[in-house]
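Trainee: With positions in the sequence shown counted from 1, the corresponding number in my numbering is that position plus 471.
Wrong hints could be hidden among the right ones.
[Stated by the list, open to error] Straight-line Cα separation of at most 30 Å, DSSO-like style, residue types lysine-lysine; simulated pairs: (1) Lys515 to Lys631; (2) Lys618 to Lys595; (3) Lys707 to Lys491; (4) Lys618 to Lys701; (5) Lys730 to Lys701; (6) Lys681 to Lys539; (7) Lys515 to Lys491; (8) Lys522 to Lys701; (9) Lys490 to Lys681; (10) Lys618 to Lys539; (11) Lys522 to Lys490; (12) Lys733 to Lys707; (13) Lys707 to Lys693; (14) Lys730 to Lys490; (15) Lys681 to Lys730; (16) Lys631 to Lys681; (17) Lys490 to Lys733; (18) Lys515 to Lys707; (19) Lys539 to Lys491; (20) Lys539 to Lys631; (21) Lys595 to Lys515; (22) Lys491 to Lys681.
[Stated by the list, open to error] The calculated label-pair distances, taken between Cβ atoms and stated as ranges, are: (23) Ser516 to Gln628: 19 to 27 Å; (24) Gln602 to Gln703: 41 to 49 Å; (25) Asn553 to Val590: 14 to 22 Å; (26) Asp508 to Phe582: 19 to 27 Å; (27) Lys618 to Lys491: 49 to 57 Å; (28) Gly719 to Leu603: 31 to 39 Å; (29) Val567 to Thr547: 24 to 32 Å; (30) Phe582 to Leu603: 19 to 27 Å; (31) Ser613 to Lys539: 19 to 27 Å; (32) Ala550 to Ala704: 39 to 47 Å; (33) Gln530 to Ala704: 18 to 26 Å; (34) Gln622 to Glu651: 14 to 22 Å; (35) Phe582 to Lys681: 21 to 29 Å; (36) Val590 to Pro488: 46 to 54 Å.
It should be emphasised that the hints constitute simulated quantities derived from the structure, not laboratory data. Ideal Cβ positions, reconstructed from N, Cα and C, are used throughout, including at glycine.
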Amino acid sequence: MITIGLTTWNEHQSLMPEKKALTLPEYASFFPCVEVDSLYYGLKSAQQFAKWGAQVPQQFQFVFKVHKLMTLHENTEAAHLNQLFHDYRQAVQPLVRSNQLKTILFQFPPFFAVSTEHVRYLVKIRQALPQLPLTVEFRNNSWYDAKYVQQTLDLLQRLKITLTIVDEPQTPANSVPYYETMTNPELVLLRLHGRNTMGWMHQDAQWRGKRTLYRYNQTELKTFAQTVQKFQAQAKEVCVIFNNNSGGDAADNALSLQKMLKLSFSGLAPRQMGLF
Numbered sequence: 472m473i474t475i476g477l478t479t480w481n482e483h484q485s486l487m488p489e490k491k492a493l494t495l496p497e498y499a500s501f502f503p504c505v506e507v508d509s510l511y512y513g514l515k516s517a518q519q520f521a522k523w524g525a526q527v528p529q530q531f532q533f534v535f536k537v538h539k540l541m542t543l544h545e546n547t548e549a550a551h552l553n554q555l556f557h558d559y560r561q562a563v564q565p566l567v568r569s570n571q572l573k574t575i576l577f578q579f580p581p582f583f584a585v586s587t588e589h590v591r592y593l594v595k596i597r598q599a600l601p602q603l604p605l606t607v608e609f610r611n612n613s614w615y616d617a618k619y620v621q622q623t624l625d626l627l628q629r630l631k632i633t634l635t636i637v638d639e640p641q642t643p644a645n646s647v648p649y650y651e652t653m654t655n656p657e658l659v660l661l662r663l664h665g666r667n668t669m670g671w672m673h674q675d676a677q678w679r680g681k682r683t684l685y686r687y688n689q690t691e692l693k694t695f696a697q698t699v700q701k702f703q704a705q706a707k708e709v710c711v712i713f714n715n716n717s718g719g720d721a722a723d724n725a726l727s728l729q730k731m732l733k734l735s736f737s738g739l740a741p742r743q744m745g746l747f
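Model the full structure from these sequences, guided by the hints.
Mentor: Listed below in structure tokens is the structure:
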């Protein structure tokens with residue numbers, strides 16, 4: 472199975488130009504999945520997760536980022552972190568029961584490098600979230616160093632954690648290579664951030680608004696199509712998430728890739744339009 476989606480649902484005006492912001496049901500009429508990044512700043516209740524699931528088709532699925540404390544972006548006491556893992560596990564249960572949870576995404580910061588401590592932390596997240604679908608994305612290229620990459624892959628395979636295939640600007644300090652691999656046959660995940668090197672490197676006040684300012688061309692999209700086709704027969708699902716939306720390019724690129732792969736996502740009609 473191949474699925475394509477975007478990060479967030481409300482800021483893709485090219486899908487419906489007459490709308491200032493799309494609702495979740497409106498977005499779900501175009502794509503079969505979405506990545507929800509807002510949990511990075513604060514965990515929602517189980518009732519909110521259930522509400523999201525009720526507003527979309529039964530086969531629609533969600534990719535959820537974890538809270539920033541769970542990726543060690545900020546320090547906290549061990550007891551608080553353990554409680555956060557517990558609360559997160561409980562909050563997603565409505566979508567686990569409805570089979571609408573695609574994966575939980577741990578996007579680690581650039582300082583999360585290869586170390587014994589960090590390897591143990593990867594084991595910890597699996598122990599803290601047993602049976603749940605997990606994905607990691609690194610921003611430190613030490614995990615891909617020739618000395619460590621096979622050990623990285625072996626570890627994630629044992630833990631049944633998907634390693635994201637990342638496309639992003641190549642910089643010395645906060646990026647990783649486009650590395651085609653499958654560490655979990657349940658899910659291969661591509662996350663495409665664009666290739667705006669200047670915007671990616673210069674973290675000024677406007678950084679978050681311009682770092683993903685990029686539109687992929689047809690040649691670049693063909694590369695992603697080839698990656699998807701490479702893993703299609705090996706994995707239960709190959710999912711592509713476009714995050715290159717500082718200029719509103721993600722939706723158009725996603726529709727182009729969908730056409731290139733000759734995909735048709737049927738049944739994408741909201742179940743309860745009145746809820747949103």
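Trainee: Now tell me, hint by hint, if it's right for this structure.
Mentor: Hints and how they fare:
Between the alpha carbons of Lys515 and Lys631 the distance comes to roughly 26 Å, so the proposed pair stays at or under 30 Å and holds. With a CA separation close to 23 Å, the supplied pair Lys618 and Lys595 stays within the 30 Å bound. For the proposed pair Lys707 and Lys491, the alpha carbon gap of about 36 Å is over 30 Å, so the pair is violated. Using a Cα cut-off of 30 Å, the hinted pair Lys618 and Lys701 holds, with the two alpha carbons roughly 26 Å apart.
Of the pairs offered as hints, the one joining Lys730 and Lys701 holds, with about 17 Å between alpha carbons and a cut-off of 30 Å not exceeded. With a CA separation close to 21 Å, the supplied pair Lys681 and Lys539 stays within the 30 Å bound. This hinted pair checks out: Lys515 and Lys491 have alpha carbons roughly 25 Å apart, not beyond 30 Å. As the CA atoms of Lys522 and Lys701 are separated by approximately 36 Å, the hinted pair breaks the 30 Å bound.
In summary, the hint linking Lys490 to Lys681 is supported, as the alpha carbons are separated by about 22 Å, within the 30 Å threshold. Simply put, Lys618 and Lys539 have alpha-carbon atoms about 29 Å apart, close enough for the 30 Å limit, and the pair holds. A C-alpha spacing of about 22 Å is found between Lys522 and Lys490, which places the hinted pair at or below 30 Å, so the restraint holds. Straight-line distance between C-alpha atoms of Lys733 and Lys707 comes to about 18 Å, which keeps the hinted pair within the 30 Å bound.
For the hint pairing Lys707 with Lys693, the CA-to-CA distance comes to about 21 Å; that is within 30 Å, so the pair holds. Pair hint Lys730 plus Lys490 holds up; C-alpha atoms about 24 Å apart against a cutoff of 30 Å. For the suggested pair Lys681 and Lys730, the alpha carbons sit about 27 Å apart, so the restraint of at most 30 Å is met. With a C-alpha separation of about 34 Å, the suggested pair Lys631 and Lys681 falls outside the 30 Å cut-off, and the hint is violated.
Distance hint between Lys490 and Lys733 is fulfilled; the C-alpha atoms sit about 27 Å from each other, no more than 30 Å. For the proposed pair Lys515 and Lys707, the alpha carbon gap of about 29 Å is at most 30 Å, so the pair holds. Taking the CA atoms of Lys539 and Lys491, the gap is about 29 Å. The hint holds against a cut of 30 Å. At roughly 22 Å between alpha-carbon atoms, Lys539 and Lys631 fall within 30 Å of each other, so this suggested pair holds.
Using a Cα cut-off of 30 Å, the hinted pair Lys595 and Lys515 holds, with the two alpha carbons roughly 22 Å apart. With a CA separation close to 20 Å, the supplied pair Lys491 and Lys681 stays within the 30 Å bound. Our hint of 19 to 27 Å for Ser516 and Gln628 is violated, since their Cβ atoms are close to 34 Å apart. At roughly 26 Å, the beta-carbon separation of Gln602 and Gln703 lies outside the given 41 to 49 Å, and the hint is violated.
Taken as a hint, the range 14 to 22 Å holds for the pair Asn553 and Val590, whose Cβ atoms sit roughly 19 Å apart. The supplied range of 19 to 27 Å is met by Asp508 and Phe582, whose beta-carbon atoms lie about 20 Å from each other. In this structure the hint that Lys618 and Lys491 lie 49 to 57 Å apart at CB holds, the actual value being about 50 Å. The beta-carbon spacing between Gly719 and Leu603, approximately 33 Å, falls within the hinted interval of 31 to 39 Å.
The hinted range of 24 to 32 Å is satisfied by Val567 and Thr547, whose Cβ atoms lie roughly 25 Å apart. About 25 Å separates the C-beta atoms of Phe582 and Leu603, a value consistent with the hinted range of 19 to 27 Å. Between Ser613 and Lys539 the Cβ separation comes to about 21 Å, which falls inside the hinted range of 19 to 27 Å. For Ala550 paired with Ala704, a C-beta distance near 46 Å keeps the hint of 39 to 47 Å intact.
For Gln530 and Ala704, the hinted distance range of 18 to 26 Å is satisfied, since their beta carbons lie about 21 Å from each other. Separated by about 18 Å at the C-beta atoms, Gln622 and Glu651 satisfy the suggested range of 14 to 22 Å. Distance hint check for Phe582 and Lys681: the Cβ-Cβ separation is about 23 Å, which falls inside the suggested range of 21 to 29 Å. Between Val590 and Pro488, the C-beta spacing of about 48 Å keeps the proposed range 46 to 54 Å intact.
Checked against the numbered hints listed earlier, the structure breaks hints 3, 8, 16, 23 and 24; every other hint is satisfied.
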